[in-house]
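Peer 1: For reference, the chains in residue letters:
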Amino acid sequence: MARPRTNGATRTAKREASSVQRGPDGATLLRMYEAMLLTRLIDERGIKLQRQGRIRFFVPCMGQEAAQVAYAMALQDDDWIYPSYRDTGTILARGVPLTEYLAQLWGNGLDLSKGRQMPNHFAFADRRLVSISSPIGTQISQAVGTAMAMKRKGAKTVCAVSFGDGATSSNDFHAGMNFAGVYQAPCLFVCQNNHWAISLPVSEQTAQSDLASKADAYGFEGVKVDGNDAAAVYQATLAAAHRAREGGGPTLLEMVTYRIGAHSSSDDATKYRDAEEVEDWKSKDPIPRLCAVLEERGAWDAKRDAALRERLTKAVADAVDAVEKAPQIGVASMFDDVYGRVPPFLEEQRESLLDEVKERGGIGTGHGEFPL
Amino acid sequence: MARPRTNGATRTAKREASSVQRGPDGATLLRMYEAMLLTRLIDERGIKLQRQGRIRFFVPCMGQEAAQVAYAMALQDDDWIYPSYRDTGTILARGVPLTEYLAQLWGNGLDLSKGRQMPNHFAFADRRLVSISSPIGTQISQAVGTAMAMKRKGAKTVCAVSFGDGATSSNDFHAGMNFAGVYQAPCLFVCQNNHWAISLPVSEQTAQSDLASKADAYGFEGVKVDGNDAAAVYQATLAAAHRAREGGGPTLLEMVTYRIGAHSSSDDATKYRDAEEVEDWKSKDPIPRLCAVLEERGAWDAKRDAALRERLTKAVADAVDAVEKAPQIGVASMFDDVYGRVPPFLEEQRESLLDEVKERGGIGTGHGEFPL
Amino acid sequence: MATLNLIQALNKGLHEEMERNGDVVLLGEDVGRRGGVFGTTEGLQAKFGRERVMDTPLSECGIVGTAIGMALYGLRPIAEIQFLDFIYPAFDQIVSELAKMRYRSGGQYTCPVVVRAPSGGGIAGGHYHSQSSEAYFAHTPGLQVVIPSTPHDAKGLLASAVRGEDPVIFLEPKILYRAVKGEVPDGDYTVPIGPSRIVREGKDVTVFSWGAMVRVCETAADEAAKEGIDCHIVDLRTLVPVDVAGIEEGAKRTGRVVVVQEAPRTCGYGAEVSALVSERAIEYLESPVVRVAGFDTPFPYTLEHVYMPDAHRVLRAIRKAAGF
Amino acid sequence: MATLNLIQALNKGLHEEMERNGDVVLLGEDVGRRGGVFGTTEGLQAKFGRERVMDTPLSECGIVGTAIGMALYGLRPIAEIQFLDFIYPAFDQIVSELAKMRYRSGGQYTCPVVVRAPSGGGIAGGHYHSQSSEAYFAHTPGLQVVIPSTPHDAKGLLASAVRGEDPVIFLEPKILYRAVKGEVPDGDYTVPIGPSRIVREGKDVTVFSWGAMVRVCETAADEAAKEGIDCHIVDLRTLVPVDVAGIEEGAKRTGRVVVVQEAPRTCGYGAEVSALVSERAIEYLESPVVRVAGFDTPFPYTLEHVYMPDAHRVLRAIRKAAGF
Ligand SMILES: Cc1ncc(C[n+]2csc(CCOP(=O)(O)OP(=O)(O)O)c2C)c(N)n1
Ligand SMILES: Cc1ncc(C[n+]2csc(CCOP(=O)(O)OP(=O)(O)O)c2C)c(N)n1
Ligand SMILES: [Mg+2]
Ligand SMILES: [Mg+2]
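Chains as they are written, first to last, in the working numbering: chain A, 1 to 372; chain B, 373 to 744; chain C, 745 to 1068; chain D, 1069 to 1392.
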């Protein structure tokens, strides 16, 4: 099995970008900007909703919008993505409707995942966005399997998988990267290095500070990208995807970015990191940065920006209203989807629960009455 | 936490060796030669014993004697070693008495591990040779823990761990290497790249053909060594151990060697690999090679060699006789060592078994009657 | 009808399923050029190529993880774990991912992966080539757990597993690989996942068992018959979804129940059977539900034959149940 | 005596054990500068330094693997798994290594590692922050499995675990962390690993439980008392080694048994308790052993409160046992 080998050097995004003729065009930049802005607005709203007790958990992605939106937009609709729980930007860039996104925060009757999972653990199969779980890294080896399957089926598609700097320590990072190298799977490993894994800085996550170079251990290329530069993220992803489609195998893309917010609504980041560092990164916010690029190109101005913000804010507000009013998920649904068909022993458990609920006259909580 | 970083270059053993003034002295070479020869004789005898049905399983290490004996001899007595099941040479070099080594092949009353494990899954605590299990790679992260403990205790010792090329794919390789890098553990990762993991060639184990370079992903150095050159193995180990003792952190040592025999007594390697390849490597046999070095130095000749072989052959034969005659392990011992003290529920299980055995009038098999 | 041993039946089943559906792929350690360490996958790579029969790197985590990704994309992966004892590096993928994928996505994704693994003792394999850890999987909602004891059932259950829509942990009692022979129909057939099998009818004592222990129970029943005890033997075959009706019916039939498992006693699947019997048929019981099991120690090497339940030990339990 | 909640009691226990023995070290994700995601390890790194309280990379495999290596060398590592649901990447190290090290080496090596993990539901954590997988560990010979339900027992059992010679899976019912308060002696004390605890004496129905469910059983028993049913409640506290005598005695006392667990029903530890009762006390039983358990589905998010057994559900079971 002859395989093209790299010489182990880590290429920078700049070099990568130069090999692709031109950057993203104005329309693409604008689409990215819009998705990034929407992501930010949702983030701000999500945190508030959680504080107000209207949803129970939320994972912000503030600061990482470029690293998320731009890689997703560089992919084709028939490519697959295994996102991570922080990938709000990714799924919005992919065209998931606002109501579908929001419904999973409530886990109510509108939630495509039927309220089975915590907020931010979404799945949108019709957009080829695979179901997310909490255990860190597990999606990585799965994505490689999907990429191997694409290859076997002769599809000209790629499979991208997104994960954090912390996930590079996981079992599945190692297994997935290794399999991808061995089988030359058309897989893009998108590592959003946001410098923190809850309270652990990346400098203590691994003694190799150049995460992109980890690809070399698996015989393929790693590319370090300025993850707050939407155009660079887009170009690097495009190039890697192009290579993968042509049979050139996998690439590890390290998107260097920063988690501006806390790890989640359950976290207080001031406990473990300096305000200074956060402030420094706030000044590198990818959204004003892309806005400036658009303005420079003469394609954007403050007026248009304000109008866009207003439109998106209203869209979010409307969607929140619509979703929040949706009915709860029914109790009986708890037994569906464990298997394709509910086996007798589970049907029995369902019956016993329904009996109980009938006897009790319902089974409510502070979070509302749940229907059958 | 400031850490010295390497520039990622893989050093070769030659460069390593040149940095240490002189190679192993004649006495050391001779000690290595003797241990390697003993290892070979035991290997040949072990395979026969298995064929004769006197032991039930055997793992040969033929061809890897230099890679095993020389790294073990380069370490201090108070260093720890986590060997792998193929490390016969390692434990013999460490001074494990022949009878103790052999007893674990029978798992009888002389076996320090009380017959609990298959042949080649030995443990010799008084020699700081940690207990071996079958699951590949698990010892790697454990060894790092021991090295971290040494550091915490301020010991000037190192912990070495031995594993195969296949083990580089394991979860524990990744976890162990990463922890070692982060905590700068005084750990030597001794990878015996014998080119095969049962039927999988190393070229399909990983797309990175330079296994030593995998260390770079974890921020420390990897050294590729001619594993059939006892002196090179010795020197490379010495240098890495020296660095570790001085606080310089871990090293990955790739010992390039070859598994001449089958994977184990249960395997037939002709099913999956070419005789040619095996013949080629046979010509690089580390034992004649070291013999030639000794002869060149004028320290050795055919007569002395014959005498040594005779002495060792007899020693093995005598030990086999002594060990084979030892009594079987007692049935009641099965319940010991699950916990420090046998808890009541297990004591009850022991009583019930002893009752049963009494009623049955013993509990024998083709492999002999087992006493209480 | 051909008379095949368990390996031959499985091998034939794998050949047929791969022929039947081009999306069926096989992956695992040494499954290709070596044909598996037991020969179960012999000839498959030669026939279906390296793209469909993949020798993988040494990573169970990678094997199951990539198999899941393949299944999500539409393939039908059969993942081989060389010995059940080596499944633990993949345990997270199995319990957190494989088992929950359909449920957690609200049915948007399905994950029809068959994980095959040789299980159980009897080959002098010590701790790590002998364990029976079916209970771990049986305690994991979302998995189906299957363990055939005859060549006929092995091939038929394998077909159901590969053609089904949900993940299956498919355990192969390795001591039976060559030791058991039986008739296997020539044409296509399936054995459904779920129902248990009545091995023999009897009226005095009901013996529930699965895997390699079924044969041991049959031998014990032969001995018991000489003492005038007529045993009713049920081979569960499928541990999840469990055949509750079959267990209830079997227990009520004699009112005396013995459950035989190879795994360590505490919290094994035998406890589940005992609890089910106690919940559903206690009024019919004439004696305590007697469990026969491996001891609560790691699986020993030299004392393997003492550790594993044999016909004599089962007979003692049958006598105890009968004579209570 | 101070009145502490579960977290405070555990935190105090950790402080004291680390003071007591310089070989005790703590490692896990976010245990240092963050003090643990629940605050259980608050203040420890500030006091004992980064060499003894280690924030580790994100690898449970590495956490348990290195802890084993430390223990073999003579340290007394306490490994924290952030949520029990995340223990599976370390499952191989736990079942193949930690559990078997002493046995497989013939007693040459011992492996006194305490693996702490918050377990169980009730915090709206969905599939992966809610599971109760004690049965996996209880089915693994060589491990001890402990799960306190009061601050007093938590601190006392922790002390026994850290000072003991064998590995302990130490489960902390996270819903109780701040919800339960109780008296904790000021001075040093231990609660031995093994014996169960009689929570209240009663004569009509015996309820066996552990962890967070003990409280639920108490509430149910209060309700039952109003209906004239007098419950005998036993908190098992230690699942392995199991208190067989305590279970037998408890079952015989009333002849009516309810077992309550939070975990999915099939093959849970409740099945073991039911089987033990059936083996040892069936002649005393006046009714089937009734199990109350989580359903055999993955742990759901929005329907968490429906999934988890509550006092009402336990009361139904108590009535059933009493009225059979
Ligand atoms: C296997 C596992 N261990 C621990 C956790 C708890 N946990 C949740 S997120 C997280 C940090 C993840 O960091 P990173 O991979 O960098 O992603 P980020 O949150 O920064 O996006 C941890 C430790 C988990 N979810 N899974
Ligand atoms: C986790 C695990 N999976 C599979 C096996 C079966 N197995 C035993 S040895 C081996 C190959 C090991 O190859 P390598 O690490 O190169 O060591 P070598 O045998 O060549 O010394 C395999 C796959 C195992 N022991 N453990
Ligand atoms: Mg991060
Ligand atoms: Mg090898």
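Honestly, I wouldn't trust all of these hints.
DSSO-like, lysine-lysine: derived pairs with alpha carbons at most 27 Å apart [as the list claims (entries may be wrong)]:
hint	chain 1	residue 1	chain 2	residue 2
1	C	996	C	925
2	B	643	C	791
3	C	996	D	1115
4	C	1064	B	730
5	C	1064	D	1320
Facing chain D, a subset of chain B residues (Cβ under 8 Å, in silico) [stated by the list, open to error]:
hint	residue
6	514
7	641
8	642
These aren't lab readings, by the way, just hints derived from the structure by calculation.
Since we're looking at a predicted model, the values are computed, not measured.
Don't be surprised by glycine CBs; every beta carbon is placed ideally from N, CA and C.
Peer 1: With reference to the structure, classify each hint as holding or not holding.
Peer 2: Hint-by-hint comparison with the structure:
no. : hint                 : in the structure
1   : 996(C) with 925(C)   : 32 Å, violated
2   : 643(B) with 791(C)   : 16 Å, holds
3   : 996(C) with 1115(D)  : 63 Å, violated
4   : 1064(C) with 730(B)  : 17 Å, holds
5   : 1064(C) with 1320(D) : 21 Å, holds
6   : 514                  : 4 Å, holds
7   : 641                  : 27 Å, violated
8   : 642                  : 31 Å, violated
Checked against the numbered hints above, the structure violates hints 1, 3, 7, 8; every other hint is satisfied.
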